[in-house]
Each structure stands twice: as structure tokens, then as C-alpha cells.
Amino acid sequence: MHVGHRSQSILGGMSIDATETTFERDVIERSRETPVVVDFWAEWCGPCRQLTPVLESAVAARDGQVELVKVDTDANQSLAAAFRIQGIPAVKAFKDGRVVAEFTGAQPPAAVERFLDAIVPSEADALVAEGDEQSLRRALELEPARADAAVPLARLLHERGEDEAALELLDNVSGSFAADGLAARIRLGDDPDLEPAFAALDDGDAERALDELIAATAAAQDAERRDDLRRIVVGVLDELGVDHPLARESRRKLAAALY
Numbered sequence: 678m679h680v681g682h683r684s685q686s687i688l689g690g691m692s693i694d695a696t697e698t699t700f701e702r703d704v705i706e707r708s709r710e711t712p713v714v715v716d717f718w719a720e721w722c723g724p725c726r727q728l729t730p731v732l733e734s735a736v737a738a739r740d741g742q743v744e745l746v747k748v749d750t751d752a753n754q755s756l757a758a759a760f761r762i763q764g765i766p767a768v769k770a771f772k773d774g775r776v777v778a779e780f781t782g783a784q785p786p787a788a789v790e791r792f793l794d795a796i797v798p799s800e801a802d803a804l805v806a807e808g809d810e811q812s813l814r815r816a817l818e819l820e821p822a823r824a825d826a827a828v829p830l831a832r833l834l835h836e837r838g839e840d841e842a843a844l845e846l847l848d849n850v851s852g853s854f855a856a857d858g859l860a861a862r863i864r865l866g867d868d869p870d871l872e873p874a875f876a877a878l879d880d881g882d883a884e885r886a887l888d889e890l891i892a893a894t895a896a897a898q899d900a901e902r903r904d905d906l907r908r909i910v911v912g913v914l915d916e917l918g919v920d921h922p923l924a925r926e927s928r929r930k931l932a933a934a935l936y
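In the working numbering, the protein residues as written are 678 to 936.
Misleading hints may appear alongside valid ones.
Taking lysine to aspartate or glutamate pairs in the DMTMM-like style, the calculated list, with each CA pair at most 20 angstroms apart, reads [to be verified]:
1) K772 - E790
2) K772 - D802
3) K930 - D867
4) K772 - E710
5) K772 - E800
6) K930 - E884
7) K772 - E839
8) K772 - D794
9) K772 - D740
10) K930 - D882
11) K930 - E889
12) K930 - D920
13) K930 - D904
14) K772 - E720
15) K772 - D694
16) K930 - D915
17) K772 - E701
18) K930 - E916
Everything labelled a hint here was simulated from the structure, so no lab data went into it.
Since the model is a prediction, treat every value here as computed from it, not as a measurement.
Make a model of the complete structure from these sequences and hints.
Have a look at this one:
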């Protein structure tokens, strides 16, 4: 059970007062479940008295999506030193046990709102995390150009044979290698020569799929086909991530095939 000494400001906002003894529980461990914003302050600090009510109000408006913890730097000097607090108020946001965002000094309400918006998942973020068709469709209603919703939804539609609808979704997305790659795959989907590559991709065998696709890219005579094949490969590499060993080797092979 999560317990801690809670204090209430004159505005009615609730926060937890953490100490060197309780910081691990109240901040580090708690942040693995819910984002935690820590307000490092001191009684003598005028700007702290200005900022704290703003933080409390903004956190309260998020209805449990984020928690606020206060640390008195005078009473907890080891914590202040550990987090290199050189000026107060200092605000640090924790997720999954680590600092993910921070600022120093009193900030206007709009800046505090933007700070919290970057920490607390939006409704669309939560829907994308759900990942089912209904959730993905709702996420795209909220944010139509969102690639991390459009791509998985387009995949579902493509698997059902609804290629026109899938391409329409992907057309709304810009700057996404995964979206460009999936659209190119759909356009080339009827090509029997690419069936082994696509089957390998669907089976999770990225290495075989990439080898097949890069070989097809090298052999392609038609410029449009060649470009679509390149888009598919780049989309797969993007999903693997820059540092994946297979991605590094495949980028080299693709460059050789293209040039």
C-alpha cells in the first residue's frame, strides 16, 4: 500500500512530502506505475511559493495521471546533492525510475501545462497502447496523421484484403518510413515474385525478408518498382531500429544494390 505524509496547500492541492528515507518509495518506485513530478523547494524561497500552487493545480486537473511530491532541500540536503540541485525551485519529472524532464525557476501556468503534457500520456497515446482496431480508429479521429496508429490499423485492413482503405489511411501520414514501406508493399502485393519475401516478413523472419527484398531491388529494371522496393526495405529497417545489427548490415547491402 502506498502511503506517505501528505500536505495540503492553501489552494487545496494535495502533494506528498518526501524525505531521504521515503524518496525511493514515493518517487523512484511509484514512478514505475505513474509519472511523478518532484518539486524541490525551501521555506525561505519566494519563487517556490509562487510555483508550488501552479504545480498543484495543474497536477490536480490531471485526475491521478501524475503525482506531485515535494522535497524540502534544507531538510534533505543529501537528496539535493544527489540530484545536483543548484537553484530552486527545481522540478524533475520521473518515469520508470528515472528523470525524463526538468526545469528550474518559477514558470507561468502555460509553461507548467506544457511540461506536464509532455509527461502524461494523451488520450491518443493510451488508445494506441491498447492496439485493437476500435482504439486505433479512435486515436486517428483524435490525431489523423498519427503514424503509430495508422500503420497498425492499415496492416489489419490489408490482412483483411481492404487495401484501398489501408492506402487511404497511409496517405494521411507523412514522414513515416513504416507508413511509406507498408503502402509500397500493398501496391506490390500482387507480384508473385515477392511472395517469399512477404511471407518471411509475416513470419517474423526479417533477415530472410530483407535479403529477398534487397535482391529484388538490385534486379528491378523499372524505376517505380525499384523505388517501392526500397521503401519497403527502409520501412523494415526503421522498425528494427538504427542500432540493430541486422539493420546495419542490411543498410550496407541496400546501398550496394541501389548504387
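Hints versus structure:
no. : hint        : result
1   : K772 - E790 : 17 angstroms, holds
2   : K772 - D802 : 15 angstroms, holds
3   : K930 - D867 : 25 angstroms, violated
4   : K772 - E710 : 8 angstroms, holds
5   : K772 - E800 : 18 angstroms, holds
6   : K930 - E884 : 12 angstroms, holds
7   : K772 - E839 : 39 angstroms, violated
8   : K772 - D794 : 14 angstroms, holds
9   : K772 - D740 : 17 angstroms, holds
10  : K930 - D882 : 17 angstroms, holds
11  : K930 - E889 : 11 angstroms, holds
12  : K930 - D920 : 16 angstroms, holds
13  : K930 - D904 : 15 angstroms, holds
14  : K772 - E720 : 27 angstroms, violated
15  : K772 - D694 : 18 angstroms, holds
16  : K930 - D915 : 15 angstroms, holds
17  : K772 - E701 : 13 angstroms, holds
18  : K930 - E916 : 17 angstroms, holds
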